[in-house]
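Colleague: Residue numbers (the numbering used here), protein chains in the order written: chain A, 91 to 206; chain B, 494 to 605.
Just so you know, these hints were derived from the structure itself, not from any lab.
As the structure is a computational prediction, the values presented were derived from the model and not from experiment.
Treat the hints with care, as some may be off.
Stated by the list, open to error - Using 20 Å as the maximum straight-line C-alpha spacing, the simulated SDA-like pairs for lysine to any residue come out as follows:
| id | chain 1 | residue 1 | chain 2 | residue 2 |
| --- | --- | --- | --- | --- |
| 1 | A | K161 | B | M592 |
| 2 | A | K147 | B | K535 |
| 3 | A | K161 | B | N591 |
| 4 | A | K147 | B | G590 |
| 5 | A | K99 | B | E532 |
| 6 | B | K549 | A | E194 |
| 7 | B | K535 | A | K161 |
| 8 | B | K535 | A | Y192 |
| 9 | A | K173 | A | E105 |
| 10 | B | K535 | A | P98 |
| 11 | B | K535 | A | Y100 |
| 12 | A | K99 | A | N193 |
| 13 | A | K161 | A | F196 |
| 14 | B | K535 | A | P129 |
| 15 | A | K147 | B | L558 |
| 16 | A | K147 | B | T594 |
| 17 | B | K549 | A | Y192 |
| 18 | B | K535 | A | D128 |
| 19 | B | K535 | A | E194 |
| 20 | A | K147 | B | E532 |
| 21 | A | K147 | B | A589 |
| 22 | A | K161 | A | N116 |
| 23 | B | K535 | A | K173 |
As the list claims (entries may be wrong) - Computed far set for chain A versus chain B, every beta-carbon distance over 12 Å:
| id | residue |
| --- | --- |
| 24 | Q96 |
| 25 | F102 |
| 26 | T110 |
| 27 | D120 |
| 28 | Q131 |
| 29 | G153 |
| 30 | E159 |
| 31 | A171 |
| 32 | G198 |
C-beta atoms are modelled at their ideal positions from N, C-alpha and C, and glycine is treated no differently.
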Amino acid sequence: DGGITQSPKYLFRKEGQNVTLSCEQNLNHDAMYWYRQDPGQGLRLIYYSQIVNDFQKGDIAEGYSVSREKKESFPLTVTSAQKNPTAFYLCASSRPRASNSYNEQFFGPGTRLTVL
Amino acid sequence: GESVGLHLPTLSVQEGDNSIINCAYSNSASDYFIWYKQESGKGPQFIIDIRSNMDKRQGQRVTVLLNKTVKHLSLQIAATQPGDSAVYFCAERGNAGNMLTFGGGTRLMVKP
């Protein structure tokens, strides 16, 4: 089956610790994205990558870091600098933008991070 | 399951009725729009999309309408079923890259 996987589904972290969330896709998509979702709000873009070895900050990148060493993988690290890390984190992937094409983003199942 | 939104606008409909969910978007240069459905504790699922050179697109039981004059998008669900209960998000794509900007979401509750 083609799709996006995120692990773990639930993650608990002590304050002051870094934690890395996994995102893998086998859709052969060039672009990958990380979003944060808080209750009562839509999705906010943390980081995105349009191609391997390249990534850009989104709207709320402070306190987060990413890497894109392989096309299939886009891990997100939530650092101790992130002041309010408890949230639901969603990874997505898509084909590159192209004219006259429909290229929606496909989402993974999400990871719920709780800081204790 | 986990709630994806505690204070979202809510639309409550009777099973079998039609539902209309509305969304106002912000960027007049946006060229592509998507509706997603998100069930509690899960990632968003694609429902239907539309490009800005169209004003209507139909899928199975769903129709998306786009009014660029007033920057308004709507999702119509025919014969709403209990399985349609979820939070619905609209998203717009600007004029560079493939990044999406999401609306705040609407919770649809279907009464049996």
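Colleague: Is the nearest CB of chain B more than 12 Å from the CB of G153/A?
Modeller: Given a closest Cβ separation of 20 Å, the condition holds.
Colleague: So if I understand the rule, the pair passes when the alpha-carbon distance is 20 Å or less; does K535/B with K173/A pass?
Modeller: Not OK: K535/B and K173/A at ~25 Å, beyond 20 Å, violated.
Colleague: Please verify whether K535/B and P129/A have alpha carbons no more than 20 Å apart.
Modeller: 13 Å, holds
Colleague: So if I understand the rule, the pair passes when the alpha-carbon distance is 20 Å or less; does K147/A with L558/B pass?
Modeller: Violated, at about 32 Å.
Colleague: Does K535/B pair with K161/A here, judged by a C-alpha cut-off of 20 Å?
Modeller: Distance of about 24 Å is beyond 20 Å: violated.
Colleague: Minimum C-beta separation from Q96/A to chain B exceeding 12 Å: can you confirm that?
Modeller: 8 Å, violated
Colleague: K549/B and Y192/A: Cα distance at most 20 Å?
Modeller: 15 Å, holds
Colleague: Verify the proposed pairing of K99/A with N193/A, using a straight-line Cα cut of 20 Å.
Modeller: 26 Å, violated
Colleague: Take a quick look at whether K161/A and M592/B sit within 20 Å of each other, Cα to Cα.
Modeller: 18 Å, holds
Colleague: Given the hint that K161/A pairs with F196/A, does the C-alpha gap stay at or below 20 Å?
Modeller: 15 Å, holds
Colleague: Please settle this one: Q131/A was flagged as non-interface, so is its CB more than 12 Å from every CB on chain B?
Modeller: 6 Å, violated
Colleague: Has the given pair, K161/A with N591/B, been kept, meaning a C-alpha gap of at most 20 Å?
Modeller: 17 Å, holds
In summary, the numbered hints that this structure violates are 2, 7, 8, 12, 15, 20, 23, 24, 27, 28, 32.
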